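Student: Sequence:
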Amino acid sequence: MSALLLRVWSVLSAFKPNQQHVNGQERLRAAFGALLGLFATAMLGRLFVDAAALPWIIAPMGASAVLLFAVPASPLAQPWAMLGGNLLAAVIGVSCARGIPEPMMAGAVAVSAAIGLMFVLRCIHPPAGAVALTAVVGGPAIEGLGFGFVIYPVLINSVCLLALAVLYNRATGREYPQRKAVIAAAEPPGTAPSSLRGLAAEDLDAVLDEYNQVLDVSREDLRDLFLRAEAHAYRRRFGSVSCADVMTRGVISVEYGTLLEEAWEVMRRHQIKALPVVDKARRVVGMMTRADLMRRADLGGYRGFDERLRRFVRRSGRTHSDKAEVVGQVMSTPVQTAEEVTPLIDVIALLGGAGHSHIPIVDHDGRLSGIVTPRDLITELYRGRLAVTA
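End of the sequence shown sits at 401 in my numbering; the numbers just go up one at a time, nothing left out.
Certain hints may be false.
Pairwise CB distance ranges, derived in the manner of DEER restraints [stated by the list, open to error]: (1) R133 with Q340: 54 to 62 Å; (2) R109 with V170: 19 to 27 Å; (3) Q31 with A64: 37 to 45 Å; (4) V170 with L15: 54 to 62 Å; (5) D220 with Q340: 49 to 57 Å.
Don't read these hints as lab results, they were simulated from the structure. The structure presented is a predicted model; accordingly, all values stated were derived computationally and were not measured. Beta carbons are placed, not taken as given, at the ideal position from N, Cα and C, and that holds for glycine.
Can you make the complete structure from the sequences, with help from the hints?
Tutor: And the structure:
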């Protein structure tokens, strides 16, 4: 008996609705929008109807209002889906009503054909199925309209409701209709660019092709949600680690007036690729890297690389020279720094996505206290300090 009850409970649990992450303000916004939209559409329809037998607004508009005001981000609620789907379904419905004597068969064929053609024309709009059925079983008044049913009430109702949805959604802070250029993944601060975090557009397309079902969410929104969830998980796991926890202390630095020959010797001796440039108070004013030297020395090829670099950093011995001879003449500035208390996730984003290979770390007074490099991150990963499970 208990096994049977558990089985029944398991079946009933499948009907439990999913949790909606929508606050009360959004629910009220959607409900009030549908109220305004349907009322205005019905009032406008009244201007087009003299005969009392014709409806001011048809029932499928109620279903369209749910999509346009409650889920305006849905691909099924976009203007082409709404207008194209409703008009296509109206034409098919009237054609079936006139060509198939049996109403039950005519209604079934109308809805079936409407679904098939909506797939072809990429204008799937669920309420359009009700439009096709209304054309068949709407009664004598609808039947008497013939193909005029496509113009009124379908086209007039659809255009009015759609126009109100555009105005209302935008006035209440909802992007409608959605444009692909606007739906870029809005990433929380301190996250690496999406192009560097493993998800490419072709990957998402491949998964959608494998899924092979219609989703009530756009491709752009789906990607946006995935990246946002990934960013939040990333911050939750690594947000408690600060730069002070992982940075290399006792960092070697040079000053603005340090000779290039001396700076290059320091880099070679300590096998480092970058040197923070500081002033007398040890505040960071720039960064000199091997890339800076190579760029200024015009080392585009490998032939004669060592000799050309030595010639570049060697002092000319003249009192006046156009050749760069001190660090300040070749350093990169302004330089990207971070504070000791900065969450490591923010620095990871800079190292991964902004083209920086070394991030100088400063204390609360702005003085150089350390540096974070990819090697520091690898070391911490090896120690297990960043391998925190959820």
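Student: Now look at each hint and say whether the structure bears it out.
Tutor: Results of checking the hints against the structure:
no.	hint	result
1	R133 with Q340: 54 to 62 Å	59 Å, holds
2	R109 with V170: 19 to 27 Å	25 Å, holds
3	Q31 with A64: 37 to 45 Å	40 Å, holds
4	V170 with L15: 54 to 62 Å	55 Å, holds
5	D220 with Q340: 49 to 57 Å	55 Å, holds
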